[in-house]
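In the working numbering, the protein residues as written are -5 to 191.
These aren't lab readings, by the way, just hints derived from the structure by calculation. We treat Cβ as the ideally placed atom computed from N, Cα and C, and that holds for glycine.
Okay, the calculated beta carbon distance ranges per label pair:
id, residue 1, residue 2, range
1, A31, G173, 30 to 36 Å
2, S92, D165, 20 to 26 Å
3, A69, A181, 35 to 41 Å
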Amino acid sequence: MMEHEERPAKVAIDLDKHRWHPSPLVGQIVLLSTVDAAGQPNIAPKSWVTMVAFTGPVLAFGCNTAHTTYLNAIATGAFVVNIPGEDLVERIWAMPASHRADRIARSGLTLAPSRVVPPPLIVECRAHLECRTDAVQQYGDEVLIFGQVVAASMNASCLDGSPGEQYASLDPIVFLENGVYGTIGAASTRREVRERS
-5 MMEHEERPAK
5 VAIDLDKHRW
15 HPSPLVGQIV
25 LLSTVDAAGQ
35 PNIAPKSWVT
45 MVAFTGPVLA
55 FGCNTAHTTY
65 LNAIATGAFV
75 VNIPGEDLVE
85 RIWAMPASHR
95 ADRIARSGLT
105 LAPSRVVPPP
115 LIVECRAHLE
125 CRTDAVQQYG
135 DEVLIFGQVV
145 AASMNASCLD
155 GSPGEQYASL
165 DPIVFLENGV
175 YGTIGAASTR
185 REVRERS
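Using the sequences and the accompanying hints, generate a full structural model.
Here it is as structure tokens:
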């Protein structure tokens, strides 16, 4: 860095995650599907989800211990991470107003059998990661649930074209903060970036 260049000013932000505007950490919005011990399905929007290991592969998502998603994933040992596109945003925002069977009915979403695990896939979503519950790390009333991916599927159209075209077809959505979401505006390979430079 040259001496005459000024470094950007840094300011402290509150440690309360609810006060992060804008949030420096964002999370992909997914729909988690689970079933209870009697086989009754549940769907819930989640945005604290991440890959944690290539080998497995293993992913994890955050949840509250009072949520049906947590109770079902522990009781049955399985869950499905469904990847919605932007076309489902309005339905997803409406989900917290209802629960269980009522939520499924109001959402208008279609459930279909998974390939390996008991929880269903959500047909309108673009991709699906079927998981077996592997471990749970608890932080007070919050938990991080780890799952081994045992089956994965995706709309065939998401596999066509360049990386940019594939991500445009997948159309993942990201939770930024309460009431605010985003999408991937563009996807580029390192080679494409080098060629533009």
